[in-house]
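**Q** Given next are the chains, with one letter for each unit.
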Amino acid sequence: MSSVLYDTPGPRAKRRNLILSVVFAVLLALLLWWVWQTMSDKGQLDGDKWRPFVEGPAWTTYLLPGLGNTLKAAALAMVIALPLGAALGIARMSDHRWVRVPAAVIVEFFRAIPVLMLMIFANQFYSDYSGVDSESRPLYAVVTGLVLYNASVLAEIVRAGILSLPKGQNEAAQAIGLRKTQVMTSILLPQAVTAMLPAIVSQLVVIVKDTALGGAVLNFTELLNARKTLAANFANVVPSFIVVAVVFIVLNFLLTSFASWLEGRLRRSKKSTGAVLHVDDVEDTNVAGELVGAHGTDRGPEAGGGGGTGGVRKTP
Amino acid sequence: MFDFLEGYDVLGAFWTTVQLTLLSAVGSLIWGTVLAGMRVSPVPLMRGFGTAYVNIVRNIPLTVIIVFTSLGLSNIFGVALGAADDFEAKFFRLAVLGLIAYTSTFVCEALRSGINTVPVGQAEAARALGLSFSQVLTLIVLPQAFRTVIGPLANVLIALTKNTTVAAAIGVAEAALLMKEMIENEAQLLLISTIFALGFVVLTLPTGLLLGWLGKRLAVKR
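For the record, the sequence lines run as chains U and C. The first sequence begins at 1 in the working numbering and counts up by one. The second sequence begins at 1 in the working numbering and counts up by one.
Calculated directly from the structure, the hints in this document are not laboratory data. Zero decoy hints are in this set.
To give an idea of the interface, some chain U residues facing chain C are shown, with a C-beta separation under 8 Å as derived from the structure:
1) V4
2) Y6
3) L20
4) A25
5) Q44
6) A112
7) I113
8) M117
9) I120
10) Q124
11) D128
12) L224
13) V244
14) A245
15) I249
16) N252
Chain U is faced by these chain C residues, among others (derived, beta-carbon under 7 Å):
17) G72
18) I76
19) V136
20) T204
Virtual Cβ for every residue (Gly too), placed ideally from N, Cα, C.
Using the sequences and the hints given, assemble the complete structure.
**A** Structural data, given as structure tokens:
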């Protein structure tokens with residue numbers, strides 16, 4: 001991919017690359033040395049700061065319950081947001097203006113607002129207008145915030161998924177006399193769900209990352225928040241940050257790998273139409289509701305099979 | 001009706017949000033471009049570093065990064081970014097640093113996909129003229145890549161604008177923190193939330209429309 005940018009290195013280029021490598025390695029080593037030195041000065045490398053992670057109390061008492069809450073909030077948010085998102089996405093493609101326009105306004109509004117604000121709002125809302133006890137309120141607030149935001153993101157994924165199907169599917173279904181609802185529920189949606197799966201899984205990564213907001217601002221006891229209590233007990237600020245970061249990286253890496261494996265599998269399978277929303281396409285693409293392949297765009301089978309079909313904006 | 005606004009500097013908080021956004025945007029554009037350059041460079045070590053950096057930092061929640069800049073970078077490593085005594089300025093700068101570290105990975109990925117859209121013949125022709133790697137990249141490939149990724153970069157910018165609210169986690173006085181304070185102290189929950197929500201709609205919507213239009217105008221016609 002990138003080798004087109006430079007010639008195969010000759011003797012001089014090889015020497016230059018070697019020198020650059022050495023200079024870069026020295027710079028990196030200096031940085032690492034400074035980090036190591038400071039950590040050892042501050043006692044962050046001491047054995048007793050790391051021992052809790054090896055011997056287990058850090059995991060069983062703090063990190064695993066925290067991780068459990070992170071996963072619980074993420075799973076709840078996804079399960080509630082999916083049907084809402086599907087409803088909004090389908091409503092946005094309706095033939096009736098009075099359904100289409102409000103759905104579009106809701107989707108665009110909630111995508112324009114930071115998740116943190118939605119969480120803060122939900123937290124105060126539950127405290128003012130409901131009997132949710134203060135112990136479980138952070139979970140409610142975090143899940144509500146995540147649902148409001150992700151339902152509108154999933155709505156766009158659903159819409160892009162349905163638009164990614166070959167036009168013939170819709171035409172054939174209408175030709176055999178199915179009603180609009182039947183076309184959607186028995187022809188388009190089942191196929192779109194398969195096309196959307198990778199995009200949905202990678203949206204899960206975003207949700208997992210956003211649960212940490214609740215830990216920092218609303219005192220929801222997820223992984224990041226559990227780290228705080230852990231570090232307060234063992235005074236291991238840097239080690240605990242490193243361990244928590246690694247847990248998040250591994251979790252998200254697994255989800256991302258699963259999404260791309262799913263995508264490859266769906267693309268190769270002969271049963272489907274071959275329309276798959278590309279994982280990265282969900283990240284890139286267009287701006288402010290102006291989506292690729294707007295309503296009724298002509299989309300041949302080759303456009304679907306070739307990948308790049310999505311039209312959804314996703315937050316980093 | 002709006003007397004609850006008295007005593008709160010709503011515009012000032014949004015101005016902090018705008019400053020956070022603009023500074024982080026410039027910083028992550030620069031660092032993201034450098035990372036993208038590293039990822040396509042002929043030096044294997046730089047390629048490895050770029051790939052590792054992007055894949056690691058992208059998978060850490062921004063909140064963890066921002067909280068670490070305060071508790072880790074500042075408290076343990078003593079990084080004060082030239083504002084050791086002025087706490088307000090220090091946490092503002094730390095938040096910008098965290099936002100740059102995180103957002104640059106998305107800029108890098110957007111740019112890299114832009115580099116892939118530049119036809120192979122462009123780089124081949126440039127090499128045939130005898131241009132070096134850095135010349136091929138800076139004179140031929142990147143100028144065309146930038147023009148094709150304005151749309152994706154606009155999405156990164158919009159996401160960044162919303163992500164600046166995470167700075168509230170370390171006490172930077174931006175919009176989300178003020179909103180939290182106001183709805184806790186005043187009785188007008190819906191009204192206050194609507195004002196802040198509209199503030200963000202006003203910030204993100206024109207950005208998207210303007211850059212979307214610009215992206216269409218500047219796109220390389222092929």
